[in-house]
Amino acid sequence: MKTGESEATTIVVGEATTVDTKGKAPAAAPVVATTKATKSVKSNKYTKGGWKKGIAVFDFLIRLVAIAATLTGAIAMATANQTLPFFTNSFQFRATFSDFPPFTFFVVANAVATGYLVLSLPFSIVTIVRANAAGPRLLLLILDTTMVAITSASGAAAAAIVYIAHDGNPNANWLPICRQFNSFCDQTSGAVVASFVAAVIFMLLVAMSALALRKH
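At the far end of the sequence shown sits residue 216, using the UniProt record's numbering, and the numbering has no gaps.
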């Protein structure tokens, strides 16, 4: 080492990065790169969360539509009642939903579905607030699948009776009663349609929950 000459020292930054300390500051390139990567990860996270939140909001809205459908079906079927204007001393020609066990099952099933939908609204709100929460979505997925089975089964059973009421069955000598009880048949037919609308909505809810959980 010679007198009068200044020494140059090196500082290792990252991988084999050398910096001359003669009045120069350490390079800040690695810090900038790390910041950009962090921003990219955060942006991607927010984008996914926003997508799931949109599905959760739509889930809440169509649950309200499903409540209207199941409630309408239950009320329409439960109030289906018609008495013909002509009767004898021994017979009064009257048709009510309670005369047909599948119609009774239909009313109970749609009432249960309506109650479930009302109770599911708070869980749907939780998925809006916490878009990445998997627990509430999984619970709704399981219960919605159960409601698909209940509403479809009750709707199919009621639809079979409505079909017989409209067309009868000549092979079994079952006469179509809708020629006389037209108001009764119109009301029960509308209730069956409302139930199938609710079943389709439940299927959509199941598909949406499954999709959100798959992207979780």
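The hints are simulated quantities; they were obtained by calculation from the structure and are not laboratory data. Any given hint might turn out to be false.
[Stated by the list, open to error] Below, computed lysine to any residue pairings styled on SDA-like, alpha-carbon distance capped at 25 Å:
(1) 53 - 135
(2) 53 - 141
(3) 53 - 72
(4) 53 - 104
(5) 53 - 169
(6) 53 - 130
(7) 53 - 136
(8) 53 - 122
(9) 53 - 132
(10) 53 - 153
(11) 53 - 129
(12) 53 - 167
(13) 53 - 200
(14) 53 - 157
(15) 53 - 125
(16) 53 - 185
(17) 53 - 178
(18) 53 - 65
(19) 53 - 99
(20) 53 - 183
(21) 53 - 163
(22) 53 - 75
(23) 53 - 177
(24) 53 - 121
(25) 53 - 108
(26) 53 - 148
(27) 53 - 128
(28) 53 - 152
(29) 53 - 138
(30) 53 - 164
(31) 53 - 64
(32) 53 - 98
(33) 53 - 166
The hints, checked one at a time:
Between residue 53 and residue 135 the alpha-carbon distance is near 15 Å, which keeps this suggested pair within the 25 Å criterion. Between the alpha carbons of residue 53 and residue 141 the distance comes to roughly 16 Å, so the proposed pair stays at or under 25 Å and holds. Note on residue 53 and residue 72: the hinted pairing is violated, with a Cα-Cα distance of about 29 Å set against a maximum of 25 Å. For the proposed pair residue 53 and residue 104, the alpha carbon gap of about 39 Å is over 25 Å, so the pair is violated.
Of the pairs offered as hints, the one joining residue 53 and residue 169 is violated, with about 51 Å between alpha carbons and a cut-off of 25 Å exceeded. Restraint check for residue 53 and residue 130: the C-alpha separation of about 8 Å stays at or below 25 Å, so the hint holds. For the given pair, residue 53 sits about 13 Å from residue 136 by alpha-carbon distance, which is consistent with the 25 Å threshold. At most 25 Å may separate the alpha-carbon atoms for a hinted pair to count; residue 53 and residue 122 meet this at roughly 15 Å.
Taking the CA atoms of residue 53 and residue 132, the gap is near 8 Å; set against the 25 Å cutoff, the hint holds. The straight-line distance between the Cα atoms of residue 53 and residue 153 is roughly 32 Å, outside the 25 Å bound, and the hint therefore fails. At roughly 8 Å between alpha-carbon atoms, residue 53 and residue 129 fall within 25 Å of each other, so this suggested pair holds. With a C-alpha separation of about 48 Å, the suggested pairing of residue 53 with residue 167 is violated against the 25 Å cut-off.
Taking the CA atoms of residue 53 and residue 200, the gap is about 22 Å. The hint holds against a cut of 25 Å. Distance hint between residue 53 and residue 157 is unfulfilled; the C-alpha atoms sit about 37 Å from each other, more than 25 Å. For the suggested pair residue 53 and residue 125, the alpha carbons sit about 10 Å apart, so the restraint of at most 25 Å is met. The straight-line distance between the Cα atoms of residue 53 and residue 185 is roughly 43 Å, outside the 25 Å bound, and the hint therefore fails.
With a CA separation close to 48 Å, the supplied pair residue 53 and residue 178 exceeds the 25 Å bound. About 19 Å separates the Cα atoms of residue 53 and residue 65, which keeps this hinted pair within 25 Å; it holds. At roughly 46 Å between alpha-carbon atoms, residue 53 and residue 99 are farther apart than 25 Å, so this suggested pair is violated. Between residue 53 and residue 183 the alpha-carbon distance is near 45 Å, which puts this suggested pair outside the 25 Å criterion.
With a CA separation close to 42 Å, the supplied pair residue 53 and residue 163 exceeds the 25 Å bound. Note on residue 53 and residue 75: the hinted pairing is violated, with a Cα-Cα distance of about 33 Å set against a maximum of 25 Å. Proximity of residue 53 to residue 177 is assessed by CA-CA distance (about 50 Å); at most 25 Å being required, the pair is judged violated. As the CA atoms of residue 53 and residue 121 are separated by approximately 15 Å, the hinted pair is consistent with the 25 Å bound.
Only pairs whose Cα atoms come within 25 Å are accepted, and residue 53 paired with residue 108 is rejected, the gap being roughly 33 Å. At roughly 24 Å between alpha-carbon atoms, residue 53 and residue 148 fall within 25 Å of each other, so this suggested pair holds. For the given pair, residue 53 sits about 5 Å from residue 128 by alpha-carbon distance, which is consistent with the 25 Å threshold. The hinted pair formed by residue 53 and residue 152 fails the criterion: a straight-line CA distance of about 29 Å is larger than 25 Å.
Of the pairs offered as hints, the one joining residue 53 and residue 138 holds, with about 15 Å between alpha carbons and a cut-off of 25 Å not exceeded. Of the pairs offered as hints, the one joining residue 53 and residue 164 is violated, with about 46 Å between alpha carbons and a cut-off of 25 Å exceeded. The hinted pair formed by residue 53 and residue 64 meets the criterion: a straight-line CA distance of about 17 Å does not exceed 25 Å. Pair hint residue 53 plus residue 98 does not hold up; C-alpha atoms about 44 Å apart against a cutoff of 25 Å.
Taking the CA atoms of residue 53 and residue 166, the gap is near 46 Å; set against the 25 Å cutoff, the hint is violated.
Hints 3, 4, 5, 10, 12, 14, 16, 17, 19, 20, 21, 22, 23, 25, 28, 30, 32, 33, counting from the list given before, are not met by this structure.
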